[in-house]
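Asker: Quick note, the sequences are listed as chains A and B, same order. In terms of numbering that gives the first Met the number 0, the first sequence is residues 0 to 189. In terms of numbering that gives the first Met the number 0, the second sequence is residues 0 to 539.
It cannot be assumed that every hint is accurate.
[To be verified] Simulated restraints on C-beta separations: (1) B:Lys179 with A:Glu109: 56 to 62 Å; (2) B:Glu347 with A:Met108: 29 to 35 Å; (3) B:His505 with A:Lys189: 49 to 55 Å; (4) B:Arg297 with A:Gln56: 33 to 39 Å; (5) A:Glu112 with B:Tyr399: 31 to 37 Å; (6) A:Ser155 with B:Pro360: 36 to 42 Å; (7) A:Pro136 with B:Gly421: 46 to 52 Å; (8) B:Ser203 with A:Asn104: 56 to 62 Å; (9) B:Ile355 with A:Lys189: 30 to 36 Å; (10) B:Glu339 with A:Pro168: 51 to 57 Å.
[Said to hold, decoys possible] Covered by chain B, according to a simulated footprint, are these stretches of chain A (three or more residues, beta-carbon under 8 Å): (11) 25-38; (12) 71-81; (13) 85-98; (14) 108-116.
No wet-lab data here; the hints were simulated from the structure. Just so you know, these numbers come straight off a predicted model, no measurement behind them. Even glycine gets a Cβ: it sits at the ideal position worked out from N, Cα and C.
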Amino acid sequence: MNCNIVLAGVGGQGILSIATILGKAALEENLYLKQAEVHGMSQRGGDVQSNLRISSQPIASDLIPLGGADLIVSLEPMEALRYLPYLAPTGWVVTNTAPFVNIPNYPEMEKVEAELRALPHVVAFDMDAMAKEVAIPRASNMVLLGAASRYIDLESEKIEAAIRAIFAPKGEKVVETNLTAYRAGRNYTK
Amino acid sequence: MKTKQLLLGDEALALGAINAGLSGAYAYPGTPSTEILEYVQANPVAKERKIHSHWSSNEKTAYEEALGLSYCGKRSIVSMKHVGLNVAADPFVNSAMTGANGGMIVIAADDPSMHSSQNEQDSRYYADFALIPALEPTNQQEAYDMARYGFELSERHGVPVLARLVTRLSHSRAVVETDKEAQAENEVHFPENGRNWVLMPGNSRRRYPELIKTYETLAEESNTSPFNYYKDGPDHKLGIIVSGIAANYYNELFPEGSPFPVVKISQYPIPAKLVARLMDECEAVMVIEEGQPYIESRLRGIADNANLYGKLTGQLPRTGELTPDAVRDALIKVLGAESEVGKQLAKEAPIPTPQIVMPRPPALCQGCGHRDVYSALNDALKEQPGARVFGDIGCYTLGYLSPFNAIDTCVDMGASITMAKGAADAGVHPAVAIIGDSTFTHSGMTGLLDAINENSPITVIISDNLTTGMTGGQDSQGTGKLEDICIGLGADPKHVRTIDSLPKLHDEMMALFREEFDYPGCSVVISRRECIQTARRHKK
Numbered sequence: 000m001n002c003n004i005v006l007a008g009v010g011g012q013g014i015l016s017i018a019t020i021l022g023k024a025a026l027e028e029n030l031y032l033k034q035a036e037v038h039g040m041s042q043r044g045g046d047v048q049s050n051l052r053i054s055s056q057p058i059a060s061d062l063i064p065l066g067g068a069d070l071i072v073s074l075e076p077m078e079a080l081r082y083l084p085y086l087a088p089t090g091w092v093v094t095n096t097a098p099f100v101n102i103p104n105y106p107e108m109e110k111v112e113a114e115l116r117a118l119p120h121v122v123a124f125d126m127d128a129m130a131k132e133v134a135i136p137r138a139s140n141m142v143l144l145g146a147a148s149r150y151i152d153l154e155s156e157k158i159e160a161a162i163r164a165i166f167a168p169k170g171e172k173v174v175e176t177n178l179t180a181y182r183a184g185r186n187y188t189k
Numbered sequence: 000m001k002t003k004q005l006l007l008g009d010e011a012l013a014l015g016a017i018n019a020g021l022s023g024a025y026a027y028p029g030t031p032s033t034e035i036l037e038y039v040q041a042n043p044v045a046k047e048r049k050i051h052s053h054w055s056s057n058e059k060t061a062y063e064e065a066l067g068l069s070y071c072g073k074r075s076i077v078s079m080k081h082v083g084l085n086v087a088a089d090p091f092v093n094s095a096m097t098g099a100n101g102g103m104i105v106i107a108a109d110d111p112s113m114h115s116s117q118n119e120q121d122s123r124y125y126a127d128f129a130l131i132p133a134l135e136p137t138n139q140q141e142a143y144d145m146a147r148y149g150f151e152l153s154e155r156h157g158v159p160v161l162a163r164l165v166t167r168l169s170h171s172r173a174v175v176e177t178d179k180e181a182q183a184e185n186e187v188h189f190p191e192n193g194r195n196w197v198l199m200p201g202n203s204r205r206r207y208p209e210l211i212k213t214y215e216t217l218a219e220e221s222n223t224s225p226f227n228y229y230k231d232g233p234d235h236k237l238g239i240i241v242s243g244i245a246a247n248y249y250n251e252l253f254p255e256g257s258p259f260p261v262v263k264i265s266q267y268p269i270p271a272k273l274v275a276r277l278m279d280e281c282e283a284v285m286v287i288e289e290g291q292p293y294i295e296s297r298l299r300g301i302a303d304n305a306n307l308y309g310k311l312t313g314q315l316p317r318t319g320e321l322t323p324d325a326v327r328d329a330l331i332k333v334l335g336a337e338s339e340v341g342k343q344l345a346k347e348a349p350i351p352t353p354q355i356v357m358p359r360p361p362a363l364c365q366g367c368g369h370r371d372v373y374s375a376l377n378d379a380l381k382e383q384p385g386a387r388v389f390g391d392i393g394c395y396t397l398g399y400l401s402p403f404n405a406i407d408t409c410v411d412m413g414a415s416i417t418m419a420k421g422a423a424d425a426g427v428h429p430a431v432a433i434i435g436d437s438t439f440t441h442s443g444m445t446g447l448l449d450a451i452n453e454n455s456p457i458t459v460i461i462s463d464n465l466t467t468g469m470t471g472g473q474d475s476q477g478t479g480k481l482e483d484i485c486i487g488l489g490a491d492p493k494h495v496r497t498i499d500s501l502p503k504l505h506d507e508m509m510a511l512f513r514e515e516f517d518y519p520g521c522s523v524v525i526s527r528r529e530c531i532q533t534a535r536r537h538k539k
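Given these sequences and hints, build the entire structure.
Answerer: What follows is the structure, given as structure tokens:
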């Protein structure tokens, strides 16, 4: 098992919770893991990314080399495109299509969608809408995790257990809301 | 007994220190070092043992508090970002002279690529000229292990030890094997050689040769450090020196093992014997290190060495962080694309980023009080073309960017007030300083005293959000005391004004600014509203 994931989004969207959950699931399975995060100034609404590497073998670098990512997992469509140089030729992009527009020169959505459609391996849909429909709007990161989970060689039960463990301090209702969103995302890519 | 945990590099070092009998942790928040003290604050053993973990006013006060603990025989850590070591440079350099009694580890987290900093300074240079040994962990496990090792090294040689972290280790998680039990703390015991701690010239002159001797012993010990090694490889055309996390990027390229001999350095002074052997046995040497070319310049000296490659010869980038790709490119440049290793390392060009992708710079949060301050300040300054606004370090530095474009300078902690004073001395009017509450108590108060003593015609805006916002909302030392501090320093109470930073008070704030611009002396306007990030957390 060897999986390199670039997690992308805008500061404050919640990509780090995805990393935390996958990290916990990987730890339970006794896998090696490295996860480089971005803290500080860029968390204030700037572009953020996290490199997550999971492997059954020891991992050297905290950073994924160019062309080395098996997956780009993004909460924002333009941010998914930003990290394409890291994508392996066989890699997949799993991304939310709901744009987060906080800059005046955000590109036209048709152009963003056209770039996404041109990729050979892509799963793109409106995860904000799905989260709102099945759970709560803020759970779009769990929809994304569910959709991406099909491409990560970790048992879904282990990921669910990690979601439970992470959200348990916030109460059973929060746990269930997040699990519902996760399962909806996972079913979408069935 | 051992257990496994997923930890940031920052957290691994903090937990390592707790498990090695830590008695006190001291710090001022700063990216990427903040999580060290936060980890101690949240740790159950630390709570039970009442290990000190409050934030200090600045890095210098934090450093001296930690040194006080060490004087009493207790183990202490003090953590800061790289530029924080500038603030603590005075006690840092002088603590080599006093020496340490209880083990003391100074943690400086460098920020190459300047993710959240003003510069790329490399803390290894500080250790070098202070004659303090340094540890540079390669990974999270080493960060954990180096805490106990560092305390022991510090106590064995009677000097503080610098632990140099970098962003990619501080803020990267990995599985770390940790001890289940924390060892007992040291009992209070005072230094045997008490006069080392009174740095009067007579004592210092006696102490300095002793310190130099200690450093020579440390240099010898580096050759046999468990964190340094020489590992032979089949091809002696090139020898590789890697330090700290640069080792990982090199190893990433050769999963089956390095074709070249490697010296790995994670303990300083530089292990001269290991390096000499490598230079002796290999036709050429490349130095791969994160940050400034410290090892490379030490090896190069003045006379140029044609067979030494690194950042100064251009194969590796002189600025910014290393990456696996930067190391790959450098090896190909040195060995040639047609060489065996060059061919092995070659790969297809990456997919380009589409041109439609636009930069997304960080910005002040929607609903942030700093926004209201800048909007009122900009309007108040509209008919004042001669005005200059001196900014400071914090979220509000983002006021430089569009749409506010509100500040003219940002240099270091506290420089807003002192530079505004200098500008007023030069005849500029209005000379406005804008500073956050935490930065004000860190390094603004002394500058304000200068301005008050000369009644300099400046307007100091303290944009008080009741927290240290940029680093994620740590306690701010001046909360609830700012007016008293300013008046206590001698500010005229009539010109210490307070207003809530709210959109509905835009006109009042603007009028207040204008009144104080017109006052020909030193005035302070405290604009206050809680950070919306911490306010949201408090509501939950």
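Asker: Confirm or reject each hint.
Answerer: Checked hints:
1. B:Lys179 with A:Glu109: 56 to 62 Å: For A:Glu109 against B:Lys179, whose Cβ atoms are near 57 Å apart, the range 56 to 62 Å holds.
2. B:Glu347 with A:Met108: 29 to 35 Å: 30 Å, holds
3. B:His505 with A:Lys189: 49 to 55 Å: 53 Å, holds
4. B:Arg297 with A:Gln56: 33 to 39 Å: 35 Å, holds
5. A:Glu112 with B:Tyr399: 31 to 37 Å: 34 Å, holds
6. A:Ser155 with B:Pro360: 36 to 42 Å: 38 Å, holds
7. A:Pro136 with B:Gly421: 46 to 52 Å: Given about 50 Å between the Cβ atoms, the range holds.
8. B:Ser203 with A:Asn104: 56 to 62 Å: This hint holds: roughly 59 Å between Cβ atoms.
9. B:Ile355 with A:Lys189: 30 to 36 Å: 31 Å, holds
10. B:Glu339 with A:Pro168: 51 to 57 Å: Between B:Glu339 and A:Pro168, where Cβ atoms are some 55 Å apart, the hint holds.
11. 25-38: holds (count 9)
12. 71-81: Answer holds; 4 residues pass the 8 Å Cβ test.
13. 85-98: With 3 residues closer than 8 Å to chain B, the segment 85-98 of chain A meets the three-residue bar; holds.
14. 108-116: holds (count 3)
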